[in-house]
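Protein sequences, first through last, are from chains A and B. If you count by this note's numbering, then the first sequence holds residues 1 to 218, one letter each, in order. If you count by this note's numbering, then the second sequence holds residues 1 to 218, one letter each, in order.
Where hints are given, some of them may not hold.
Where chains are identical, the list cannot tell them apart; a pair therefore holds if satisfied intra-copy or between any two copies.
[Claimed, not checked] Straight-line Cα separation of at most 16 angstroms, EDC-like style, residue types lysine to aspartate or glutamate; simulated pairs:
| # | residue 1 | residue 2 |
| --- | --- | --- |
| 1 | 14 | 125 |
| 2 | 130 | 183 |
| 3 | 14 | 114 |
| 4 | 59 | 116 |
| 5 | 32 | 114 |
| 6 | 32 | 119 |
| 7 | 130 | 38 |
| 8 | 14 | 135 |
| 9 | 172 | 116 |
Keep in mind the hints are simulated off the structure, nothing from the lab. All values derive from a computational prediction rather than experimental measurement.
There are 2 protein chains.
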Amino acid sequence: MSASLPTLRDSEAKLQYILLHSAQIFAEQGFKGTSIRDISRATGISLSGLYYYFSSKQKLLYLIQINAFTSILERAYLRLANVEEPQARLRVLVQNHVEYFLSHPNEMKVLSHEEDALEGPYRHEILVIKRRYYDLAREIFEAVTAGAALPPGCSARVAVLSLFGMMNWIYKWHRPRVDPNADELAETIVRIFLHGVLGDTSEEKLMSALKASGVRSD
Amino acid sequence: MSASLPTLRDSEAKLQYILLHSAQIFAEQGFKGTSIRDISRATGISLSGLYYYFSSKQKLLYLIQINAFTSILERAYLRLANVEEPQARLRVLVQNHVEYFLSHPNEMKVLSHEEDALEGPYRHEILVIKRRYYDLAREIFEAVTAGAALPPGCSARVAVLSLFGMMNWIYKWHRPRVDPNADELAETIVRIFLHGVLGDTSEEKLMSALKASGVRSD
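So here's chain A without its partners, still in its complex pose (with noise of 0.2 angstroms):
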């Protein structure tokens, strides 16, 4: 183990040491053009050492995605624990999927181009997982528009994805010195969404949804 390694009290944040620098050399390189003894040289563990926490590319790649999607789902369900109102469970869940992402850029660029890259069960599961994501914002998107009639031709599946759209395209233009930080894109995008799709929200249901959501002080 090289002199400049952390020094790691324990396996699990071992683990994520090698899997937040296998993120960041798949986001530079892709993975198709990274080899495991790429990680090794960047995270000074040697070739033995990283086969102790994945026994492939394939398995590194799967550990990257999977940790991503688990951290986002548990940090969403904590956080939306005590919200009720329904526009409030909308800003937490796209305030926590902004927050994340602008913190992890590497791993939104791996999941974003590398889906395809994932094979049999690996696949199978991050689909699964992704699903359970997808079904948490639908079920909130229901919740907020229950008894108000959406835009003609707009279906709650096109309406989600959009949203996840706006979401996830951010980390192809944020510029961290230039742009607003995770808070307020997240009431930008929040509010686009919400008058969007209800068209008659009052700016004072929204800012006491804001409130509500516990995300806003002030």
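We have chain A; now place chain B onto it with these hints.
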């Protein structure tokens, strides 16, 4: 030249044929994972035949990208030429974009995943044409929102890039047999977006703008 090649009347048609197949291979295997030899096999054109059209893989990737953006921009200008009402112009822009990428999913994937693969002057030229396209969208957006108050904290930049997010994420989820076609998708996105940023857009005003755009006859 293999017998399976279509009759190619001139070199422009042949170039388009090469770009089409190369985009498909790059989309499947990635830019780094593809060799000129792979392109030669897939197109049935000899290596020396290919070198008549491009001198390097970098040049080929550049040609695919510049060709896509040039097509989108030319079609947008043509369609916008006789449309003056701002909301109708936005509808034309979105329709044009969604239509192009639903029918060119490989090009979409290459543009999105390989933008960092281009180097030097090629990279610069693509940035310039992308900027022209963004400026056109921004100009239309400014006309649509002239005099209106944007949602608090919502800059024109974030709004326009959120619109691109909705459009550019479609390739990730669109299933032709299940999901709406380009026409319906464009309409839904414009509705969500216009309601979203203007808030008070009445349905009648929107419908008349959609008719003025010429993309809906009903």
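Worksheet entry | Intra- versus inter-copy proximity for residue 135 and residue 14 (alpha-carbon distance at most 16 angstroms) | This pair counts as neither: shortest intra-copy Cα distance 32 angstroms, inter-copy 46 angstroms.
**Asked** 16 angstroms Cα cut-off: does residue 32 pair with residue 119 within a copy, between copies, both or neither?
**Response** within (13 angstroms within a copy, 20 angstroms between copies)
**Message:** If the cut is 16 angstroms between Cα atoms, do residue 32 and residue 114 qualify within a copy, between copies, both or neither?
**Reply:** Answer is both; intra-copy 9 angstroms and inter-copy 13 angstroms each pass.
- First find the shortest C-alpha distance between residue 130 and residue 38 inside one copy, then the shortest across copies, and answer within, between, both or neither for a cut-off of 16 angstroms. So residue 130 and residue 38 fail the 16 angstroms test inside a copy (29 angstroms) and across (33 angstroms) alike.
### Query
Checking residue 14 and residue 125: alpha-carbon separation at most 16 angstroms within a copy, between copies, both or neither?
Neither way: residue 14 and residue 125 sit 23 angstroms apart in one copy and 43 angstroms across, limit 16 angstroms.
inquiry  = Reference check for the pair residue 130 and residue 183, CA-CA at most 16 angstroms: within, between, both, or neither?
reply    = neither (23 angstroms within a copy, 28 angstroms between copies)
message: With identical chains, the pair residue 14 and residue 114 could be close in the same copy or across copies; at 16 angstroms between alpha carbons, which is it: within, between, both, or neither?
response: Neither way: residue 14 and residue 114 sit 23 angstroms apart in one copy and 31 angstroms across, limit 16 angstroms.
Notebook entry, point to check: Given identical chains, is residue 172 near residue 116, meaning Cα to Cα at most 16 angstroms, within a copy, between copies, both, or neither?
Noted result: So residue 172 and residue 116 pass the 16 angstroms test across copies only (11 angstroms; inside, 19 angstroms).
Q) When no copy is specified for residue 59 and residue 116, does a C-alpha distance of 16 angstroms or less occur within a copy, between copies, both, or neither? A) within (14 angstroms within a copy, 26 angstroms between copies)
This entry does not satisfy hints 1, 2, 3, 7, 8, going by the numbered hints stated previously.
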